[in-house]
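Each chain, written out:
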Amino acid sequence: MRRLLEIANTGLAAVFLHPLRSLVSIVALVAVLLPYLVGLGLSKGVEAEAEASSRFGADLYVTGSRFGRPVPIPLSAVPMVRAIDGVTEVVPRIVGEVRLGKEHIHAVLVGMPADRLPAWSASIEGELPRGGVGPNRLVIGTALARKLNLKIGSRLLPFYHSRQGDRLSLVVGVFRPDAPLWQANLILTTFETAAQVFDQSDLATDLLVWCVPGSQTEVSSRIERGLALGEVQTRVTAREDLLMLLPRGLLHREGIFNLHFVLAFVVGILVLLVTSGLGLAERRREIGILKAMGWQTDEVLLRGAVEGLCLSWTGACIALLLAWVWLRVFNGWGVAGFFLAQSGAAIDFNVPFQLTPVPVLLAFVLSLVIVLSGTLGSLWRAAAVAPREAMR
Amino acid sequence: MTSRAGVLLVALSLGCASVAVLVVEDRRQGSREGRSEEFQRLVGGLGFGPALDLSSCPFGYDPRLDGSCAQEYAPLPGGTCFCPRHAGSVLQYPPPRHRVPLWLVEDSDAPPS
Chain A
-8 MRRLLEIANT GLAAVFLHPL RSLVSIVALV AVLLPYLVGL GLSKGVEAEA
42 EASSRFGADL YVTGSRFGRP VPIPLSAVPM VRAIDGVTEV VPRIVGEVRL
92 GKEHIHAVLV GMPADRLPAW SASIEGELPR GGVGPNRLVI GTALARKLNL
142 KIGSRLLPFY HSRQGDRLSL VVGVFRPDAP LWQANLILTT FETAAQVFDQ
192 SDLATDLLVW CVPGSQTEVS SRIERGLALG EVQTRVTARE DLLMLLPRGL
242 LHREGIFNLH FVLAFVVGIL VLLVTSGLGL AERRREIGIL KAMGWQTDEV
292 LLRGAVEGLC LSWTGACIAL LLAWVWLRVF NGWGVAGFFL AQSGAAIDFN
342 VPFQLTPVPV LLAFVLSLVI VLSGTLGSLW RAAAVAPREA MR
Chain B
197 MTSRAGVLLV ALSLGCASVA VLVVEDRRQG SREGRSEEFQ RLVGGLGFGP
247 ALDLSSCPFG YDPRLDGSCA QEYAPLPGGT CFCPRHAGSV LQYPPPRHRV
297 PLWLVEDSDA PPS
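Top line first, the protein sequences correspond to chains A and B.
Numbered per this note's numbering, the first sequence spans residues -8 to 383.
Numbered per this note's numbering, the second sequence spans residues 197 to 309.
Honestly, the hints are just simulated from the structure, not real lab data.
In this text, a Cβ means the ideal position worked out from N, Cα and C, and glycines have one as well.
Chain B regions said to be covered by chain A (calculated; three or more residues, Cβ under 8 Å): (1) 200 to 214; (2) 229 to 242; (3) 255 to 266.
Label pairs and their calculated CB-CB ranges: (4) Arg(-7)(A) <-> Val215(B): 22 to 30 Å; (5) Leu204(B) <-> Met284(A): 20 to 28 Å; (6) Ser199(B) <-> Met382(A): 22 to 30 Å; (7) Gln191(A) <-> Ala216(B): 46 to 54 Å; (8) Pro126(A) <-> Val220(B): 39 to 47 Å; (9) Glu88(A) <-> Leu272(B): 16 to 24 Å; (10) Val206(B) <-> Gly285(A): 24 to 32 Å; (11) Ser206(A) <-> Glu233(B): 21 to 29 Å; (12) Leu272(B) <-> Leu237(A): 27 to 35 Å.
The shape of chain A in the complex, shown without the other chains:
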């Protein structure tokens, strides 16, 4: 055992015997693993946010449908849905698009009934919108605040035309940057204000329905069967329908992972060439001397394995630390645009990401396989010949 430890010690020292080779190997490993860890971290982060969106939303979402496309649903449907057995709560909601400023910046306007909005929220800096007279009260997203140079207390000139008259708007709150990414271009206001902005007084884009646990399927079926809204048909999206999409997204990511795996092997081959070829003559002489001193082939291989383990451990750890710095400190600069459409290189909110032990472990195993397949092969060839041949 003691001898094995001594051999392993010489493997550690071998890292510094060929510093250039070690450096190139670590750099190549980091080049392979860094985008893999960053990409997987971002992907898992967005997935977790999407899961939270489904889990903490309503049980059912009821919208109107004509020609197979979604249309608003009349508010007259609210009491009808509320009367269905198993329904505990029905909340109308307006979600629509508005354009703001001279540059016509796209924003998502969400209107929720004022009595549904709590007095205070940790995800908002400032206060929540309230109904009543005076200007429209809005809570805006971080990207919108930056693009339009708005802060709490800022006033907006009317950006819409309504039959009830145009009103000034007042920014009463701004979403915090660590709220989910969909707040970036969001404007939250009361249902009444949203109805006035879109000039649609008796319509909602969807009804949020909460049910008694276990009765969602029955309620969904009864809404689709029994809701008489004239020519407007109803479409119900259940929470389970959304949650079912997430595993399918995972399959897509597996494809991305496989693509990256191909890239990893392309770069890995370069690592293999470097670890096999760079300093090969010196390495052969070194092994010849060791063999002449009485080392066995398996001991030479153990020494090489420890060296490879050290290199791959270092490469994987550096890749993880750099991935964390890229995502946490630089907020995914440059890479988040691949995952979040139209977000650009620099992002105004905290990008969601998850760095978990499993991908890190996979990264380490991948780097170990690449380094060992490069190191052990050349070592075996050099160790298998006679010492005199190896030293020549």
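Using the hints, position chain B against chain A.
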């Protein structure tokens, strides 16, 4: 300090730093989930895809708002492949599968016309 001790020290330091990063991120994840839950309860569940606004493809923002990509039918049939809101992202998902209402297969149970 020998080269062996130096290598061991560097490897251990990197390992400790990596474990620290994983632990810190795990703890932060808890607070992020809390913030996410609060936001979603506030807006009634909003956002699912990689798009950050509704321009041209609400489906890429949230499949609850539109059951499929708006580019699918116009200006070109099959335009989903070119939709910059979600086809350009690696986070893709298919339209949600709506359950077939029973009355579609049972004529006697069809809603009154």
